[in-house]
Amino acid sequence: MTEQTKPAPRILRRPEVETKTGLGTSALYKRVKDGLFPAPIRLGNGARSVGWVEADVDAWIEEQISRSRVAA
Numbered sequence: 001m002t003e004q005t006k007p008a009p010r011i012l013r014r015p016e017v018e019t020k021t022g023l024g025t026s027a028l029y030k031r032v033k034d035g036l037f038p039a040p041i042r043l044g045n046g047a048r049s050v051g052w053v054e055a056d057v058d059a060w061i062e063e064q065i066s067r068s069r070v071a072a
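Under our numbering, the residues of the sequence shown are numbered 1 to 72, in order.
In short, the hints are calculated from the structure, not lab data.
Here the structure is a predicted model, which is why all the values come from computation and not from measurement.
Keep in mind that a hint or two might mislead.
[To be verified] With a Cα cut of at most 20 Å, we get these calculated SDA-like pairs of lysine to any residue: (1) K33 to P9; (2) K6 to G35; (3) K33 to E63; (4) K6 to V53; (5) K30 to A47; (6) K33 to E18; (7) K33 to K6; (8) K33 to G51; (9) K33 to T21; (10) K20 to G44; (11) K30 to K6; (12) K20 to G35; (13) K33 to V57.
Using the sequences plus the hints, can you model the full thing?
Structural data, given as structure tokens:
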């Protein structure tokens, strides 16, 4: 029996998150603060070096799509 390996999670930096979501920096961080968008994770020891788990961002996008279709 072979062991299947999961691919490593992909980390997105802020410009890529903004491109994927269409949100600007201020809107992105406001949604994080309000608990409406996944929080970034720290990368390394630098407190200013952060990124988002791509799967979390993709799940948020899917949720927005679902909400918009239910409301329509």
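Restraint status (C-alpha distance of K30 to K6 at most 20 Å): With a Cα-Cα distance of about 32 Å, the restraint between K30 and K6 is violated, given a limit of 20 Å.
Within 20 Å, alpha carbon to alpha carbon, are K20 and G44? violated (24 Å)
Regarding the pair K6 and V53, is the alpha-carbon distance no greater than 20 Å? OK: K6 and V53 at ~15 Å, within 20 Å.
Has the given pair, K30 with A47, been kept, meaning a C-alpha gap of at most 20 Å? Satisfied, since the Cα-Cα distance of roughly 18 Å is no more than 20 Å.
Are K33 and E63 close enough, with their CA atoms no more than 20 Å apart? holds (18 Å)
Is K33 close enough to G51, meaning Cα to Cα at most 20 Å? Since the Cα atoms of K33 and G51 sit roughly 15 Å apart, the hinted pair holds (cutoff 20 Å).
Against the 20 Å threshold, does the CA-CA distance of K33 and K6 hold or violate the hint? violated (31 Å)
Given the hinted pair K6 and G35, is their alpha-carbon gap at most 20 Å? violated (28 Å)
Holds or violated: are the alpha carbons of K33 and V57 at most 20 Å from each other? Roughly 15 Å separates the two Cα atoms, so the pair holds.
Is K20 within 20 Å of G35, Cα to Cα? holds (19 Å)
K33 paired with E18 [C-alpha distance capped at 20 Å]: The given pair, whose Cα atoms are some 16 Å apart, holds under the 20 Å limit.
Between the alpha carbons of K33 and T21, is the straight-line distance 20 Å or under? Roughly 17 Å separates the two Cα atoms, so the pair holds.
Violation of the numbered hints given earlier is confined to hints 1, 2, 7, 10 and 11; the remaining hints are satisfied by the structure.
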